[in-house]
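Enquirer: Sequence:
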Amino acid sequence: MFTVCHRLLRLTAVLLAGGLAASALTPVPHASAIPAKTAQLDHGGLPRTYVVHAPVGVERPSALVINLHAAGGTGGGQAALTRYDAVADANGFVVAYPDGIDLSWADGRGASVPDRQGVDDVGFISALTTKLVADYGIPGGRVFITGLSAGAFMANRMACERADLFAAVAPVAGTLGTNVACNPSRPVSVFATHGTVDPIVPYGGGGMTGRGGASTVVAAPAMADRWRQVDGCPPPVDETLFGAGHGQQIQRTTSAPCAAGTAVVFNRVDGGGHTWPGAPALMDAAGATTNVIDASVASWQFFDTHGR
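The sequence shown maps to residues -26 to -1, 1 to 282 in mature numbering (1 follows the signal peptide of the UniProt record, and there is no 0).
Simulated from the structure, these hints should not be mistaken for laboratory data.
For clarity, every value in this text was computed on a predicted model and none was experimentally measured.
Glycine included, each C-beta is placed from N, C-alpha and C at the ideal position.
Any given hint might turn out to be false.
[Claimed, not checked] Between beta-carbon pairs, the in silico distance windows are: (1) P173 to G92: 27 to 33 Å; (2) S159 to T228: 20 to 26 Å; (3) G31 to G181: 46 to 52 Å; (4) K105 to S159: 18 to 24 Å; (5) A193 to A230: 18 to 24 Å.
Kindly produce the complete structure, drawing on both the sequences and the hints.
Expert: So, in structure tokens, the structure goes:
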């Protein structure tokens, strides 16, 4: 497992750094798009960088989405992989892609350099979010967060610890460390997606070894159950979404309405691997991807209807 993880995450770092993947995966710029810009925000004594993309000609953007990269990746690489800029242009919202220290996050598991060095990523992402809300005049209650793999772990942690900032979270291929508490100050809507044969972050939870070391993680269904519990949800309703080919079936469970009008949706990608649905798989070792949903479009559609 370590060899597969190491190979996958090493390739992810190369691809998502912006070279081949950026040219191969970046869509043709939309007519209303303005080029994304890299900026810096000093926090905790460290210069932190991020990429921000805003639709041109929109005086008051409709929302802000924070999109977090996987371990070994970068904000620019996450933008290229998820193609979230195009969704932002079509719907008039701002999207930002922060960069983690050592290409990773202090998500609480203790399995990364920033975690072991005590980097305050909760504080950094919170400060960045507050700055962008002020800079772009984002309406209150229209701030959301998503992420892939380690970025999903970090997104879940942000939703657990800063529910005052984020109305909804959409983690893809990541849950929480079993050592990380989740007691949000208010209900948070959730749109989670996880493949049943994910070779990196096990669907059934337990031990995993990633780029930064070993950790023990919550099972994907148990994470969804935890969110239903904290949000005071009714029993979930099941539906099946179909597509063609391996990994082309999704079992979706939806709990709504939960407290304060929130909802918890869990997408189980049958046969799915460690991928962002709708985007190309990075390599065979990551497992199968699915096109039943596009995680970027689907998460935005969920966010758009679950603000505060």
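Enquirer: Against the structure, test the hints numbered earlier, and report the numbers of the ones violated in rising order.
Expert: The structure conflicts with no hint, since it agrees with every one listed earlier.
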